[in-house]
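K.L.:
Here's the letter readout for the chains.
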Amino acid sequence: MAFLRFLMSRMLVTIPLLIGISIATFLIMTAIPGDYIDSWIGRTAGQTGQSRADLLPQAEALRVRLGLDQPLPIQYWVWIKNIVFAGDFGQSFVHHRPVSEVIGLRFWRSIGIAVVTLVFGQSIGIFLGIYAATNQYKLGDTVATLIAFVGIVVPKFVIALVLLYLLAFVWHSPYIGALYTPEFQVQEHMSLAKLWNMFLHVWPILFVSIWAGQAYTTRMMRGNLLDVMNAQYIETARAKGLGRRSVLFKHAVPNALHPVVMNMGSRFDYMIKGEIEIALVLGIPTLGPLIISSVTERDLYVVSAVFLLVSVLLVIGNLLADIILALIDPRVRRSTMVGS
Amino acid sequence: MSNTESIEFDMNAEDTSGPSLSYWQLVRKRFGRHKYGVAGLIFVSLILLTAILAGLIAPYSPSEKDRSSIYTPPQTIRIISEEGGLTRPFVLGFEEVMDPNTFEITFEPTFEKKQTIRFFVSGSEYNFFGLTLDKHLFGTDEGGFVHLLGTDGLGRDVFSRMVFGARITLAMGLIVMGAACIIGTIIGVTSGYLGGATDTVIQRLIEFVKSFPDLPLYLALVAIVPRDADPMAVFIMFAGILVLLQWANLARELRGKVIAIRSVEFVRAAVAVGATDRRIVLRHIVPNMSSHIIVWATYVLPEVILLESFLSFLGVGIQQPLVSWGVMLNSVRDFQSLAAAPWLLSPVAMIILSVLAFNALGDGLRDAMDPYAND
Amino acid sequence: MPMTNSLLSVEDVNVSFRTTLGIVEAVKNVSFEVGRCETLAVVGESGSGKSVTARAIMGMLAPNAIVGENSKILFDGDDLSTWSELELQEIRGKRISMIFQEPLTSLNPIYRIGDQIGEIITSHESISKQDLKARVLHLMGEVQLPDPEQRYMQYPHELSGGQRQRVMIAMALANNPDLLIADEPTTALDVTVQAEILSLLKDLQTSHNMAILLITHDLGVVSNVSDKVAVMRRGEVVERGSTRDVFDNPQHPYTRHLIDSEPKGQPDPIDENAPVVVEGKDMAVTYTLKSGGFFTPKLVDLNAVDNVTARIHEGETLGIVGESGSGKTTLAMSIIRLGEYQKGEITFKGDRIDQLNRKELLPYRSRMQVVFQDPFSSLNPRMIIRQILEEGLIVNQIGASAAERDSLVRQALDDVQMPHSSLERFPHEFSGGQRQRLAIARAIVLKPEFILLDEPTSALDLSIQSQIIDLLRDLRRRHGLSYMFISHDLKVVKALCHNVIVMQHGKVMEAGPTADVLANPQTAYTRRLVDAAFKVIA
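Chains as they are written, first to last, in this note's numbering: chain X, 178 to 517; chain F, 32 to 406; chain H, 2 to 539.
The set of hints was computed from the structure by calculation and includes no laboratory data.
Heads up, the beta-carbon is just placed ideally off N, CA and C, and yes, glycines get one too.
Treat each hint with caution, since some may be false.
What the hints assert, rightly or not - Below, computed lysine to aspartate or glutamate pairings styled on DMTMM-like, alpha-carbon distance capped at 25 angstroms:
#	chain 1	residue 1	chain 2	residue 2
1	H	LYS299	X	ASP499
2	X	LYS450	F	GLU238
3	X	LYS427	H	GLU159
4	H	LYS95	X	GLU412
5	H	LYS73	X	GLU412
6	X	LYS427	H	GLU126
7	F	LYS288	F	ASP230
8	F	LYS288	H	ASP375
9	H	LYS29	X	GLU412
10	F	LYS66	X	ASP318
11	H	LYS299	F	ASP230
12	H	LYS265	H	GLU324
13	X	LYS315	H	GLU86
14	H	LYS291	X	ASP499
15	H	LYS448	F	ASP308
16	H	LYS360	F	ASP308
17	X	LYS450	F	GLU334
18	X	LYS427	H	GLU88
19	X	LYS427	H	ASP116
20	X	LYS427	H	GLU86
21	H	LYS291	F	ASP230
22	F	LYS288	X	ASP404
23	H	LYS492	H	GLU197
24	F	LYS288	X	ASP499
25	H	LYS291	F	GLU238
Unchecked claim - Using C-beta positions, here's what the derived DEER-type ranges look like:
#	chain 1	residue 1	chain 2	residue 2	range
26	X	PRO248	F	GLY226	37 to 43 angstroms
27	F	GLY287	X	ALA201	24 to 30 angstroms
28	H	GLY36	F	TRP55	53 to 59 angstroms
29	X	ALA238	F	THR229	49 to 55 angstroms
30	F	VAL152	X	ALA345	36 to 42 angstroms
31	H	THR287	X	ASP499	28 to 34 angstroms
32	X	SER186	H	SER200	44 to 50 angstroms
33	H	ASP204	F	THR229	53 to 59 angstroms
34	H	GLN145	F	GLY63	53 to 59 angstroms
Please take these sequences and the hints and turn them into a complete structure.
P.N.:
Shown next, in the form of structure tokens:
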């Protein structure tokens, strides 16, 4: 079917991109001075008091065992082969567990937060944008624009910091720094209570993320709607005798929505980054803190896998946005060849 | 109905009178009408001025330690003396007081340690464009200290650190913005003007750079920088890394604009008179893109400030003893210091204000730079 | 209120706008009447206030508009200027309908045609789905849209300009309005399509017993279609009356000036044996376009120019005529080496220039120049006029010093009758007509032998048009220039061009001396063009 063909052609473009990113990631990680072995030496020397020289033979043996002595291209090839054919992302040096386990839950949590943020952020943004545009020059517009402005301008980690301060010292909230309270941590299955508990821990992230997320969308929607309201077909709609509300929601908003939808792909990437940023401040165990720790420890495969996964997410986000746009915009979907 | 006076059908009936306004003069006029933009401009100038005159404005150097005041709160400037009359401005030092019930130690201002504020005092030396000066805008004379924003865990004056921090933060921002602008413009214009294979290749490159997960990359790259490296070297590397990913956006936008301008009639007219590519690019295309570049630059600067602040806050950006606003926030990373000394958060205000100011400036510029749009 | 004969009576209407520069008066004391089943044309150039007046009738002015206290808009006895928005919504689309100038942007791009036409019906009455569809299809048939069933499901971008305007008309008719306001309904359409649409409107007026208020700047349209006319200038009505009276006996100087501005005259005779200046032989330009949808891309070859030969002798003005998509501009741009082409031999004064690269072409550039259609984008907004005019001199190293260049530039300004003070000014300070003069000055400062003029007057008001035409004639005489004149307006071609080539879909339909082709068109297409330009509709 035509849709599949389109998908195929997009894949053709995307895959080299992903390959490029994976190579770049690998190169960056391995080309920088020092690898895991060095950090291992440093740590072990500190812990056991042995000198660096003493540890060298052990280090070498470790290096061979982990395959870190092979030439780069071979290391890369082995890594990629395992991912594509066996779904095996390698072993984490630091945690002595498969990378997929280490990343595992954190990855889904990050995505979950990002998706929730995206959905709520976009919806709020769209409605605020419409509200601002229809109340232009009035108080409503000023307030909505201000909310958006703050979301854009004030850095997320700052809002997070302030929230943290309030939570810790003003409201004395017990729900900081982890994902669940210990009793729920050990509870294996998900239940409503557990979900609520998670929410109590996680709402600051959602709050900050959503506020930041709606900001750009609000401004864009407001701007688009104001432009669209000047379009000729809006005048036609009014000339038909349609009421203000009809004109707005049936004619103006759908057209103003298009660029916003198109933008959603890159919004997703923004959500992921935002989530990382805030998680680092608030100490929630998602991808963010993992990146920092694994990079500092030179945990090669963990870092590479995380990068690769995040890139894949971003690329998929963009792809989805294109697909959605094609589905809803008849101009893009159908033939455009009739005489002009 | 209308009279039958002779009606002039003079071809120059719409002749304009008065001095001709160049594009930039028009821009300046329009900008003046934009309240927020002007406010932004004023504030930005103030920040820049502060950064340049940091040595003068800050009473102390950023690493000067006052061992008698650790984690002391901000001192208010008072003008009413103990007796109740007006006197020269002064601040009160602190003494430690223990609350008899909770055994909590707090700092209470006491008149025992009164410090008069003097202006243009001599203090620690600082460098100003090669000159070594030691006059500061204000300070105390009896060897005491005045801490308008309190002190941090090492007894360093928060206010001074903030003033000096402006330098590094802004320097980083300006350098990255400038480099990214130049690189982005060159690549974008080349790609758009030459078209064909060059364009396709550059397009792919831009897509690649843009799809790179940038925050993880920054985290990775700067986390890897060895701790004992020279802070200046770290600074330069950091700046370089930021530039690496920022130019792509501008290049992509400019490419689009170049393609649009390339087919506008006045460019074709230039081709028709025989102008060379170089002339067309330099005299026709780039001048018509300058507004876009400038507006982009004013938006990218606050982004860089935010990024630098965040990464330094995490400890992976600017390294001590260099001080930036983000570095100052690094000391509040643990809860204890945050609770003990919330004034350590004051750089946040500076960050927010400067980002606001640059964004407002950018908004004003963007509206002003389209002087051909109908009023 | 006594029932008068007139359906719409506009009395003393005043409209001003609140802008950042103060209060701007757009319409001053305008009065006119339209009777039932009558057509009144409101004619004026840009800035005359005719569009604002039309919108004032429907109550569709911008929020910053102020309507004067004494303004009365009497529609069938009721004063619409006192009505609320809700009351106005009742009659909009039902008793008064409006169609606009740009059919592409007048339709919402994301809804189907059938739905959009249906919407005007459903907003005024409740009706079952089947009845609705039947009515819409019937309307589409009335406006002579081919394949109504198919069109019903299509989107606006899939229709041509003329078809879209028919859709707009169908929408406007749907509820049998008493009055149709048409704001420049044919200006954006091709000439032949214009004639069809006008004739359609006339027929529908009779069959629906409808009054038409027609806003236009085109005198030809006025004389063809309207019973009465009101001439507007700078917000005021300067003359009113029946079309016949006003055209035969214009009272007001402005009206007389407008009527005078119709292109007239003949091109000066030329030497039979003059040598050929420029020739493009067997020119072919093919575009490969992406067609099909997003999911099914296809590549289609489009022959923009299909084996065309054009030749201009010394002192001659050759007209190339065609509608949009005919390839006339593509052809001209290729001949002057400003556009890509796949095949063709181009000679300039005997030298072959089609294979030359950019550097080799340089000596020829100053000898063949171009004037573009849009005066607003043909001058670099960042340069002053002096820089714009000098550029050619500098690039071709004509004029050894700044002083020499200065005198050359001043001469050019004299030729186009623009003051020397223009030199230090920027393009945005001039009107459209003035800018076009400056563009012409830029072309002639290089003392070329040949100038390509691409629809140089299409974007200008009628009275300015005639000035430019006179100027072009004068320059040709004085400097011995040859012109290639591209246009879709046969009236202008008749006044300026010795010979004409008629193009359609990239091919030459007909070619020959202008007088012959216009008097005796050989092909059906040419005949349609000539009729549309010159014939009065019965």
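K.L.:
All hints, please: hold or fail.
P.N.:
Taking the hints in turn, this is what the structure says about them:
1. As the CA atoms of LYS299(H) and ASP499(X) are separated by approximately 19 angstroms, the hinted pair is consistent with the 25 angstroms bound.
2. Under the criterion of a C-alpha separation no larger than 25 angstroms, the hint pairing LYS450(X) with GLU238(F) is consistent with the structure, at around 18 angstroms.
3. The suggested pairing of LYS427(X) with GLU159(H) holds, with an alpha-carbon distance near 21 angstroms, which does not exceed 25 angstroms.
4. Of the supplied pair hints, the one linking LYS95(H) and GLU412(X) holds, its CA atoms being roughly 15 angstroms apart against a limit of 25 angstroms.
5. Between LYS73(H) and GLU412(X) the CA atoms are separated by roughly 23 angstroms; this keeps the pair inside 25 angstroms, and the hint holds.
6. As the CA atoms of LYS427(X) and GLU126(H) are separated by approximately 18 angstroms, the hinted pair is consistent with the 25 angstroms bound.
7. Under the criterion of a C-alpha separation no larger than 25 angstroms, the hint pairing LYS288(F) with ASP230(F) is consistent with the structure, at around 14 angstroms.
8. Annotation: proposed proximity of LYS288(F) to ASP375(H) holds, straight-line Cα distance about 19 angstroms (limit 25 angstroms).
9. Under the criterion of a C-alpha separation no larger than 25 angstroms, the hint pairing LYS29(H) with GLU412(X) is consistent with the structure, at around 24 angstroms.
10. As the CA atoms of LYS66(F) and ASP318(X) are separated by approximately 17 angstroms, the hinted pair is consistent with the 25 angstroms bound.
11. Our distance criterion of 25 angstroms between C-alpha atoms is met by LYS299(H) and ASP230(F), whose separation comes to about 23 angstroms.
12. A distance of roughly 22 angstroms separates the Cα atoms of LYS265(H) and GLU324(H); the hinted pair therefore holds under the 25 angstroms criterion.
13. A C-alpha spacing of about 20 angstroms is found between LYS315(X) and GLU86(H), which places the hinted pair at or below 25 angstroms, so the restraint holds.
14. The suggested pairing of LYS291(H) with ASP499(X) holds, with an alpha-carbon distance near 18 angstroms, which does not exceed 25 angstroms.
15. Pair hint LYS448(H) plus ASP308(F) holds up; C-alpha atoms about 23 angstroms apart against a cutoff of 25 angstroms.
16. Between LYS360(H) and ASP308(F) the CA atoms are separated by roughly 11 angstroms; this keeps the pair inside 25 angstroms, and the hint holds.
17. Restraint check: the Cα-Cα separation between LYS450(X) and GLU334(F) comes to about 14 angstroms, which is no more than 25 angstroms; the hinted pair holds.
18. Between the alpha carbons of LYS427(X) and GLU88(H) the distance comes to roughly 21 angstroms, so the proposed pair stays at or under 25 angstroms and holds.
19. The straight-line distance between the Cα atoms of LYS427(X) and ASP116(H) is roughly 12 angstroms, inside the 25 angstroms bound, and the hint therefore holds.
20. Among the hinted pairs, LYS427(X) with GLU86(H) is consistent with the structure: their alpha-carbon atoms are about 19 angstroms apart, no more than 25 angstroms.
21. At most 25 angstroms may separate the alpha-carbon atoms for a hinted pair to count; LYS291(H) and ASP230(F) meet this at roughly 19 angstroms.
22. For the proposed pair LYS288(F) and ASP404(X), the alpha carbon gap of about 20 angstroms is at most 25 angstroms, so the pair holds.
23. The straight-line distance between the Cα atoms of LYS492(H) and GLU197(H) is roughly 19 angstroms, inside the 25 angstroms bound, and the hint therefore holds.
24. Only pairs whose Cα atoms come within 25 angstroms are accepted, and LYS288(F) paired with ASP499(X) is accepted, the gap being roughly 22 angstroms.
25. Taking the CA atoms of LYS291(H) and GLU238(F), the gap is near 23 angstroms; set against the 25 angstroms cutoff, the hint holds.
26. In this structure the hint that PRO248(X) and GLY226(F) lie 37 to 43 angstroms apart at CB holds, the actual value being about 40 angstroms.
27. A beta carbon spacing of about 25 angstroms between GLY287(F) and ALA201(X) agrees with the range 24 to 30 angstroms that was offered as a hint.
28. Hint check: GLY36(H) to TRP55(F), Cβ distance near 56 angstroms, so the stated range 53 to 59 angstroms holds.
29. For the hinted restraint 49 to 55 angstroms between ALA238(X) and THR229(F), the CB-CB distance of approximately 51 angstroms keeps it satisfied.
30. Between VAL152(F) and ALA345(X) the CB atoms are about 40 angstroms apart, so this pair conforms to the stated range of 36 to 42 angstroms.
31. Separation of THR287(H) from ASP499(X) is about 30 angstroms and conforms to the stated range, judged on CB atoms against 28 to 34 angstroms.
32. Taking the beta carbon of each, SER186(X) and SER200(H) are about 47 angstroms apart, inside 44 to 50 angstroms as hinted.
33. In this structure the hint that ASP204(H) and THR229(F) lie 53 to 59 angstroms apart at CB holds, the actual value being about 57 angstroms.
34. GLN145(H) and GLY63(F) have their C-beta atoms about 56 angstroms apart, which keeps the hinted 53 to 59 angstroms range intact.
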